[in-house]
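K.L.:
Each chain, written out:
Protein chains: 2
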Amino acid sequence: MKWLYASPPRLLVIGFALIIFIGSQLLRLPVASATGQPTPYIDALFTATTATCVTGLVTVDTGTHYSTFGQIVILLLIQIGGLGFMTMATLFAFFLKRRISLKERLILQEALNQSSIEGIIRLVRRVVLYALAIEATGALLFAIRFLFDMSPGRAVYYGIFHAVSFFNNAGIDIMGNFRSLTDYVGDPLVNIVTMLLIITGGLGFVVLSDLTDFRRNKKLSLHSKVVLSMSGFLILFGAVVIFVFEYSNPGTMKPLPLGEKILSAFMQSVSPRTAGVNTLDLATLRQATQFFIVVLMFIGASPGSTGGGIKTTTFTALIGAVYAMIRGKEDVVLFRHRLAQERVYKALTVTLLSLTLVMVATMILSTTEDHHFLKILFEVTSAFGTVGLTMGLTTQLTLTGKIIIILMMFIGRLGPLTLGYALGPKPGRVLYRHAEGKIIIG
Amino acid sequence: MKWLYASPPRLLVIGFALIIFIGSQLLRLPVASATGQPTPYIDALFTATTATCVTGLVTVDTGTHYSTFGQIVILLLIQIGGLGFMTMATLFAFFLKRRISLKERLILQEALNQSSIEGIIRLVRRVVLYALAIEATGALLFAIRFLFDMSPGRAVYYGIFHAVSFFNNAGIDIMGNFRSLTDYVGDPLVNIVTMLLIITGGLGFVVLSDLTDFRRNKKLSLHSKVVLSMSGFLILFGAVVIFVFEYSNPGTMKPLPLGEKILSAFMQSVSPRTAGVNTLDLATLRQATQFFIVVLMFIGASPGSTGGGIKTTTFTALIGAVYAMIRGKEDVVLFRHRLAQERVYKALTVTLLSLTLVMVATMILSTTEDHHFLKILFEVTSAFGTVGLTMGLTTQLTLTGKIIIILMMFIGRLGPLTLGYALGPKPGRVLYRHAEGKIIIG
Ligand SMILES: [K+]
Ligand SMILES: [K+]
Chain B
42 MKWLYASPPR
52 LLVIGFALII
62 FIGSQLLRLP
72 VASATGQPTP
82 YIDALFTATT
92 ATCVTGLVTV
102 DTGTHYSTFG
112 QIVILLLIQI
122 GGLGFMTMAT
132 LFAFFLKRRI
142 SLKERLILQE
152 ALNQSSIEGI
162 IRLVRRVVLY
172 ALAIEATGAL
182 LFAIRFLFDM
192 SPGRAVYYGI
202 FHAVSFFNNA
212 GIDIMGNFRS
222 LTDYVGDPLV
232 NIVTMLLIIT
242 GGLGFVVLSD
252 LTDFRRNKKL
262 SLHSKVVLSM
272 SGFLILFGAV
282 VIFVFEYSNP
292 GTMKPLPLGE
302 KILSAFMQSV
312 SPRTAGVNTL
322 DLATLRQATQ
332 FFIVVLMFIG
342 ASPGSTGGGI
352 KTTTFTALIG
362 AVYAMIRGKE
372 DVVLFRHRLA
382 QERVYKALTV
392 TLLSLTLVMV
402 ATMILSTTED
412 HHFLKILFEV
422 TSAFGTVGLT
432 MGLTTQLTLT
442 GKIIIILMMF
452 IGRLGPLTLG
462 YALGPKPGRV
472 LYRHAEGKII
482 IG
Chain P
42 MKWLYASPPR
52 LLVIGFALII
62 FIGSQLLRLP
72 VASATGQPTP
82 YIDALFTATT
92 ATCVTGLVTV
102 DTGTHYSTFG
112 QIVILLLIQI
122 GGLGFMTMAT
132 LFAFFLKRRI
142 SLKERLILQE
152 ALNQSSIEGI
162 IRLVRRVVLY
172 ALAIEATGAL
182 LFAIRFLFDM
192 SPGRAVYYGI
202 FHAVSFFNNA
212 GIDIMGNFRS
222 LTDYVGDPLV
232 NIVTMLLIIT
242 GGLGFVVLSD
252 LTDFRRNKKL
262 SLHSKVVLSM
272 SGFLILFGAV
282 VIFVFEYSNP
292 GTMKPLPLGE
302 KILSAFMQSV
312 SPRTAGVNTL
322 DLATLRQATQ
332 FFIVVLMFIG
342 ASPGSTGGGI
352 KTTTFTALIG
362 AVYAMIRGKE
372 DVVLFRHRLA
382 QERVYKALTV
392 TLLSLTLVMV
402 ATMILSTTED
412 HHFLKILFEV
422 TSAFGTVGLT
432 MGLTTQLTLT
442 GKIIIILMMF
452 IGRLGPLTLG
462 YALGPKPGRV
472 LYRHAEGKII
482 IG
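For the record, the sequence lines run as chains B and P.
Whatever position you read off the first sequence (first residue = 1), add 41 for my numbering.
Whatever position you read off the second sequence (first residue = 1), add 41 for my numbering.
To be clear, the hints were calculated from the coordinates, so they are not data collected in a lab.
Yeah, the Cβ is synthetic: ideal placement off N, Cα and C, and Gly gets one too.
Misleading hints may appear alongside valid ones.
[To be verified] Covered stretches of chain B, as calculated for chain P (at least 3 residues, CB under 8 Å): (1) 384-392; (2) 396-406.
[What the hints assert, rightly or not] For each label pair, taking beta carbons as the anchor points, the in silico distance ranges come out as: (3) B:290 x P:62: 31 to 41 Å; (4) P:277 x B:260: 54 to 64 Å; (5) P:170 x B:324: 55 to 65 Å; (6) B:255 x P:397: 29 to 39 Å; (7) B:227 x P:105: 49 to 59 Å; (8) P:303 x B:360: 42 to 52 Å; (9) B:360 x P:277: 30 to 40 Å; (10) P:277 x B:72: 53 to 63 Å; (11) B:288 x P:75: 42 to 52 Å; (12) P:288 x B:227: 49 to 59 Å; (13) P:75 x B:325: 41 to 51 Å; (14) B:325 x P:325: 27 to 37 Å; (15) B:292 x P:72: 44 to 54 Å; (16) B:440 x P:400: 27 to 37 Å.
Given only the sequences and the hints, what does the whole structure look like? Please build it.
P.N.:
See below:
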């Protein structure tokens, strides 16, 4: 029972598995489905995983397959999986200090500008309240817009569901028939509210709390600066690339007026990181755009956020290392601060493990699913990055395919490194170092 | 004219460009083509690049399009590009010490077990002689086998051409009609000689010289140990994966007897790293196998060899870093030697630049060529890794496509890092270090 002593990452893994298990048991009940027929267990498990891991890939249509009870279970799983993970992961780091190094704690403390555990708890509570306030505002704005299209009760319910789903980057919708937001491709209110919910949710706990303190402190931590600038860059760069690739595509942007072209370019750039809401038909995008979205999905959101992927900071650390190497500098420097070697190695590890995982899963699915490679790669990366975008493969998955995607969503949410730490042995003390050896690289 | 002062990498880039230019001018002449009609310049340039960069992707069939004169030009370009690069790159490192750090020189000296420049030159000469001896042996064995299928003169010529082409990992054949070695899928002699030529050519200068000294020294350098063990592992692992994936594929292995199945699995595992000879039809391989071969092509051969890719040592350093991180160790340890941080960063840089290059080129080709994503990714990786395998895209490339593939072959041969160094400014001395900053990774 040694594993029960449990490092925080191990507890996270077990806790998540438990929530998904309970959710799947509730969702398989007849009362959870719209028709009153019990849902096959694999689909209930898939739905529970997609909701808890805030992914958004669905094998059955959430809006038409599940009853209101089922949808509320899904909503709760999203809230627990998104906001809960975000705060719990941070709290764990403070309460269960066994496997978390002093350095890790110092980073969090520095980032949060708090030095006592009491201060941290106060802060977590504050951020949760802020998050709920953001969700409530989003729900209200959505409800007002939806009033034009449906009954007041339904508009409020839809408003709440989508605000929670989008802030937590779940990207699950109950519009029905897998439509996502394609009906609202040109609606400024829906688009802007959705993007703001996604972006604030994806910045992560540390940055949100840093931002709430900004008025008082007038300064941001290095972590927040990196997250904000890289997120901003990726959104802008992504929108430009998508706009250029899709401008003349008759299946997507060509029929739209210029304003909607720009709006949809931004929407499709924000969404892969890692909301999973789409307003353009992904299957008709050009291959180049589809692959570009795969890359955006792989990078994902920021650490400790409701989003997945290798994270913006990881990506920044890698770019920093490459830049330093090319310039012949010894240190990786970001905003006039040098990164410790260990941070860069960690970024490298997260990236390579993630890449390996995505490649192996894609290879396996290539043998079980009879679809084109890019469609499979897209699906696997989407599951890993807990994005939820699909080129249409999810509903056609074989049983093996569903199991692999469930595993990918789970691993993707908890992070390959968390899992790696959780499964690895306790690191021993370094008693001696080997002599330096030399090999030729490149 | 400051760039003419030229670091060794810059000289390499210029030298290579010059050789390709001269080769393309010779190959466009009417006398170089079998019909006596001048070859279109883009195809002559493509052929000169593919030969000099020992890639093997061809837009026109070498066996039927070019005259014997043309083929001999190609053969010379292969020999200069393969063996020449291999030795020149090393000699440069000693003669033009301007941009090569003391550390780099020490690595080479250690790896070569030579401490004086005279010793190095002697060694280079020895390795060239060994290389020519290996090529001659291969040519003889091929010629004997070909005697059964063709006239003696032709058999000798074919023997020499293919031995040189395979040892230099060019993978260019003159069998005609793009057949490569598919006619000899089950021939043990041809397969084994080919594989031995490819493998010895791909181990690299340093390892070859280390091996020739082994009888005397009874010990290998760390570099050679890493190269030999990783190469061995990849060949074995690759063969197993390909065997499993293709065993029941009616388009490839299914019709073959067990012995030929195993032989072809090894052949297809050795070849992507980076010979480019195939005995199975690549277009009918399963998607999973095709993608797996893309990965093998990306890893490629060993440093200072006739092969391309990110190199086995780079790949090993990355795996070592990931392993160290997961185990919570500070040092990357290979064979009881620790790697300097700078080596790991270099491995990371080479890999990420290469990955970015392959992805961007694939994205661009996705917009210019009307083919499936995997076929394009395969072609681009093959060009970058100077492998020369194709799923059939090369001959169907548009003009833009040809230019991009030419650039990929050129960059792939000289290495993104060489180019990065060549283009970057002189590194200044470190006058101060920034304070350490912290960001959360993963
Ligand atoms: K999502
Ligand atoms: K080749």
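K.L.:
Now tell me, hint by hint, if it's right for this structure.
P.N.:
Comparing the hints with the structure gives:
no., hint, result
1, 384-392, "holds (count 8)"
2, 396-406, "holds (count 4)"
3, B:290 x P:62: 31 to 41 Å, "holds (39 Å)"
4, P:277 x B:260: 54 to 64 Å, "holds (55 Å)"
5, P:170 x B:324: 55 to 65 Å, "holds (59 Å)"
6, B:255 x P:397: 29 to 39 Å, "holds (34 Å)"
7, B:227 x P:105: 49 to 59 Å, "holds (57 Å)"
8, P:303 x B:360: 42 to 52 Å, "holds (44 Å)"
9, B:360 x P:277: 30 to 40 Å, "holds (35 Å)"
10, P:277 x B:72: 53 to 63 Å, "holds (55 Å)"
11, B:288 x P:75: 42 to 52 Å, "holds (45 Å)"
12, P:288 x B:227: 49 to 59 Å, "holds (52 Å)"
13, P:75 x B:325: 41 to 51 Å, "holds (45 Å)"
14, B:325 x P:325: 27 to 37 Å, "holds (28 Å)"
15, B:292 x P:72: 44 to 54 Å, "holds (50 Å)"
16, B:440 x P:400: 27 to 37 Å, "holds (32 Å)"
Checked against the numbered hints given earlier, this structure breaks none of them.
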